[in-house]
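Chemist: Spelled out, the chains give:
There are 2 protein chains.
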Amino acid sequence: MLDRIVIDDVRPRTPTGRYPAKAVLAEPLTVTATIFKEGHDMLAARVCWRPCDSKQWGEAAMTAVNQGLDLWASTIEPTQLGLHEIVIEAWYDEWSTIKHKLKAKLDAGQEVDVELEEAARAVERRAQDTGAPQKKHLLATAQALRDDVTTAAERYAGIVGPTMDALMAGPLRPEYVTRSEPHTVWVDRSRAVFGAWYELFPRSYGGLRGVIDQLPRIADMGFDILYLTPIHPTGTTARKGRNNTPQAMPGDVGSVYAIGGPEGGHTDIHPDLGDFDDFAALVDAVHRHGMELALDNALQCSPDHPWVHEHPEWFHHRPDGSIAYAENPPKKYQDIYPLNFWPELDEDRQALWEACRDIFLFWIDKGVKVFRVDNPHTKPMAFWAWCIAEVQAEHPDVIFLSEAFTRPPVMAKLAEVGFTQSYTYFTWRTAKIELEEYTEEVARSYKADFMRPNFWPNTHDILSGPLRNGPVTAFKARFVLAATLVPSYGIYSGYELCENEPMSDANEDYMHSEKYEIKHRDFDSAASIAPFITLVNTIRNRHPALQRLSNIKFHRVDNDQLLVYSKVADDDVVLVVVNIDPLNAQAGVLYLDLAELGMPWDQPYEAYDELTGQSFHWQGASPYVRVNPWQQPAHILHLRRFEV
Amino acid sequence: MLDRIVIDDVRPRTPTGRYPAKAVLAEPLTVTATIFKEGHDMLAARVCWRPCDSKQWGEAAMTAVNQGLDLWASTIEPTQLGLHEIVIEAWYDEWSTIKHKLKAKLDAGQEVDVELEEAARAVERRAQDTGAPQKKHLLATAQALRDDVTTAAERYAGIVGPTMDALMAGPLRPEYVTRSEPHTVWVDRSRAVFGAWYELFPRSYGGLRGVIDQLPRIADMGFDILYLTPIHPTGTTARKGRNNTPQAMPGDVGSVYAIGGPEGGHTDIHPDLGDFDDFAALVDAVHRHGMELALDNALQCSPDHPWVHEHPEWFHHRPDGSIAYAENPPKKYQDIYPLNFWPELDEDRQALWEACRDIFLFWIDKGVKVFRVDNPHTKPMAFWAWCIAEVQAEHPDVIFLSEAFTRPPVMAKLAEVGFTQSYTYFTWRTAKIELEEYTEEVARSYKADFMRPNFWPNTHDILSGPLRNGPVTAFKARFVLAATLVPSYGIYSGYELCENEPMSDANEDYMHSEKYEIKHRDFDSAASIAPFITLVNTIRNRHPALQRLSNIKFHRVDNDQLLVYSKVADDDVVLVVVNIDPLNAQAGVLYLDLAELGMPWDQPYEAYDELTGQSFHWQGASPYVRVNPWQQPAHILHLRRFEV
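Just so you know, the sequences run in chain order A and B.
Residue 0 is where the first sequence starts when you use numbering that gives the first Met the number 0, and the numbers rise one by one after that.
Residue 0 is where the second sequence starts when you use numbering that gives the first Met the number 0, and the numbers rise one by one after that.
None of these hints come from the bench; they were simulated from the model.
Take these hints with a grain of salt, some might be off.
[Claimed, not checked] Chain B is nowhere near these chain A residues, computed Cβ spacing over 10 Å in every case:
| # | residue |
| --- | --- |
| 1 | D146 |
| 2 | H288 |
| 3 | H376 |
| 4 | D569 |
[Claimed, not checked] Each pair of labels, with its calculated beta carbon distance range:
| # | chain 1 | residue 1 | chain 2 | residue 2 | range |
| --- | --- | --- | --- | --- | --- |
| 5 | A | Q133 | B | I517 | 57 to 63 Å |
| 6 | B | P181 | A | T78 | 36 to 42 Å |
| 7 | A | A584 | B | R639 | 53 to 59 Å |
| 8 | A | P603 | B | W629 | 54 to 60 Å |
| 9 | B | R241 | A | D106 | 26 to 32 Å |
| 10 | B | T15 | A | P161 | 35 to 41 Å |
| 11 | B | Q602 | A | D8 | 48 to 54 Å |
| 12 | A | Q133 | B | A392 | 46 to 52 Å |
| 13 | B | A430 | A | L68 | 20 to 26 Å |
| 14 | B | P173 | A | P318 | 18 to 24 Å |
| 15 | A | E174 | B | E76 | 43 to 49 Å |
| 16 | A | P181 | B | F361 | 49 to 55 Å |
| 17 | A | P181 | B | P132 | 54 to 60 Å |
All values derive from a computational prediction rather than experimental measurement.
Idealized CB from N, CA, C, for every residue including glycine.
Only chain A is shown next, with the shape it has when bound in the complex (with noise of 0.2 Å):
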């Protein structure tokens, strides 16, 4: 079958086209393609979609947004999450072409007979595949457009406007549609793209019934995800100490990684904990605080797990018939065994992919919906393709964070085939240019049809940059990156209280890291800065602005210790300030485009520090910033014109 029309660059797309591109239920999700034909005719296209469990198809008039570039757009709104198909149609437009004709020949003064006659055809085609009285008015047009009592401009006068557009909309022949080939788009809910998450480690609290206790002070700090570390049976074998040291002492707890013992793997729960009724209370006690549980996929096992003993198979196995513990020579990792994802037989490989996906589906079974995996990049991409279509066939809201810190195309590949969010570089961005291109990367480019970036300016592994041995501003100034660059973010524990003790210069491990010890910490320390994030969170769910991801724009201001950029959604416009300088106050002269803004040019406009509560009245496109770290870190301001 020969295209007559080349439709191409349909968008939302993966790079591969294998794999869903991404969007959001009930969110508006702009579908673009570049689409032309040879010659003047004028062309028409509209977006065709229907969930993939559906035989019902929704469709959508595109327009011609930059005729330049042959570019047509249309947005859609999703109704249902899962996956969906999405067919460009586009097809010569014969009845626009034929009243441009028209038109164009009677403002010439030109002759149009010939053109009248083929309007009046074009109408009585039409006529033959419409049911009454809609075929009655058209053949009547019909032979309007044949009278020749009346002026061709008066003939031309009766088939223009919104009646005859309706009657006449669509192909007038099946033979000039083109289609493209079938897209794919994966439909998440609303907390895949906008979240604020908290990470702790149970262990630290008293196991489950004492996370419940730290629910208000999270909850009231406005986060939506409480994600613990994991929560199962660990081993005991060449169980690690405290700062990493090879040698646990008596008491020492070990690395919670090092998952499975002699009470069980993936799906249990580590006594010291609780059990599954501290579990499920602990379920019941998020969602009434009006969060969500998110835990920790770690697919990897310590000496003492079960499988071990009862799936040997699923392992490396040496030549000496030990199985082989994770190393990177001359680096060994003792404590855990690495799953063997492609074992001799294809039955083994089969049934321990289906183990491993049957983990997500107990917890799906006890609640939770949300998954932080840890280090995907060390299992098979195909894995991940299978394990999470399957996942989500059965569960289309259930999101997974990939916690992959690694080369830049693996971290694109998983979420390419699947993965709903992923952490990552912004740890380690801190200057200005590099937070710029780094948020223009994963917000604006190609990327974004597909990779949600989650930003978290700590992880229990990771204290990096200004916030090693560094001041409050710091914490603070990177906090409101993490919280307004992009609409998910994170923080790990302790992060309120300002903990900036490196393990040493050549690591960024914390110094006595929680993940070989028990920490102990003063919530109500009179310096958290707790307040300061429960303000910014609040923010954050009062502007529609700040929840989205590709509506970023960065403006210019002569100062490279200030960061400025915009966010708007409909009406919501938002311009936020930050001072990356931790120590010193900085000032500069703004540059904004204004029309982006959608703030006058001529007129005053208010900028309302919601940080602050102060009221701003500019004008023009370069009003004066100060930023003093020592008082707010930043300026977030809620621009809006002023009543008349």
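Chain A is already provided as a structure; the job is to place chain B on it using the hints.
Modeler: Quick look at chain B alone, frame taken from chain A:
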């Protein structure tokens, strides 16, 4: 089948992957891909390629050229014309992984007994698939690896080196190999990339025999391709007069693009120009002068074309029974009937398309291998995809130049579906930033995988920018730009005489356009820049660096009237400094990337001006340059190290 390894972004490729990318016979073709798998295992990869008419695969090992981006590359060199298939194979490189582990552990003083046994088993496995005497060597090596009389370091030393590397090369187990989707590449002859074109209207020279008389002059200037505007009979109905007036006067010759008359159509020669014997003589003479002939293919008909009567079904019919002439209402082109590439019946479409293809085959049979295709964007993409593939399947040495001056996606698509070369926007790119950005786009972006620019400072339709009423300096500068920014360029005859009179301020046509009348020129004029053209073409032929497309790099100079770029091919280094101000001398200090240019930073090197024969001794990255356009419009500098 699950892929163990990710192989993405294989290049060169076309945007949709449905059409072949492009390469050149006997020139290096760099194939790249993003290749990775989970974890720390080492990988190996190779490019496998074959001409599609052969079962013989070539192979070339790939290397990781950017480990941080998982980018692998290999350079192959196609040895025959036509369609080729490329498949990338990647596998877990077990042998290198074992050796790497061994070395790392030995260096750290760790036990390696198990690793030595792993190595022995790998060697034994390879021995099974290997014939004697290699088998014997491998088995002895396995034995030595287990020989605990020797030290581990000695045993490791026994498997290091080229002998074992060769014996152990390639995947140890077939299930380790992942194959990419097949990609196709079309291999052209080198004239597809590198060539200087000269256009003329044969009727202005007394026909085909007259053109033969012009050949010494054109060949002496160094042109490679002589392109003739249409040589077919033309119509008299609605013939255009001089300067595109609607009414021809007696004696007016009309447009050569109103193809077809009583004497025949696209496969006939206008009787005023000569006959097929004259044509054969011209083809022969062109070849004897070391050039090739290019014909103009314009798939449209005058009302007097034989097809109008023989195949009325191939045209558009209006309701009044008339055949539709070309229109863009209110503009009318009554001397041209466009072909209807989608007639009602599919057999009519097929007959028309075959007739259009047969025009190419007819002239190929007469010795023509190069076609300049007029307005291909007014014919369907599906037609060109089919037609070019049909022609090139039989004649892979045929070159198609697309004369589409239209929207960028349409121009790129014509290249994607098969056109060998493309006219470009160069004609309208005159400011420094425009020239830099546009050249980057056509020579260095993804487009260069399949689209080859041909830069024309003028055409018979287009007199623009600084050439309009422009001085000789503008003609020289624009010529140097076209001839050195990219490897293919062309001029329309009269350029050497600096013909500069526009039709009007609102129009890019020439006054007294040769499209509508016969021109007589005095090529012996003292004002001719033919000697300058000859010199530049000589330099182009002497320097391989000027014969490639994607090797261009712009260098900084703090003067917006100076354009500075280098081209490097192996040891050949050319640096061009063009003054785009036709009136004033311009000077500046360059900022050269010496490493890119292969020049020393601590010693003098020579900048030999090929245009003047002057030799400059430069040292360092910031030489001073000055270009006085009234002497020469540019420096074309051959950079070379001094002999030690």
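Chemist: Confirm or reject each hint.
Modeler: Results of checking the hints against the structure:
no., hint, verdict
1, D146, "holds, 16 Å"
2, H288, "holds, 37 Å"
3, H376, "violated, 6 Å"
4, D569, "holds, 31 Å"
5, Q133/A x I517/B: 57 to 63 Å, "holds, 60 Å"
6, P181/B x T78/A: 36 to 42 Å, "holds, 40 Å"
7, A584/A x R639/B: 53 to 59 Å, "holds, 55 Å"
8, P603/A x W629/B: 54 to 60 Å, "holds, 56 Å"
9, R241/B x D106/A: 26 to 32 Å, "holds, 29 Å"
10, T15/B x P161/A: 35 to 41 Å, "holds, 38 Å"
11, Q602/B x D8/A: 48 to 54 Å, "holds, 50 Å"
12, Q133/A x A392/B: 46 to 52 Å, "holds, 50 Å"
13, A430/B x L68/A: 20 to 26 Å, "holds, 21 Å"
14, P173/B x P318/A: 18 to 24 Å, "holds, 22 Å"
15, E174/A x E76/B: 43 to 49 Å, "holds, 46 Å"
16, P181/A x F361/B: 49 to 55 Å, "violated, 42 Å"
17, P181/A x P132/B: 54 to 60 Å, "holds, 57 Å"
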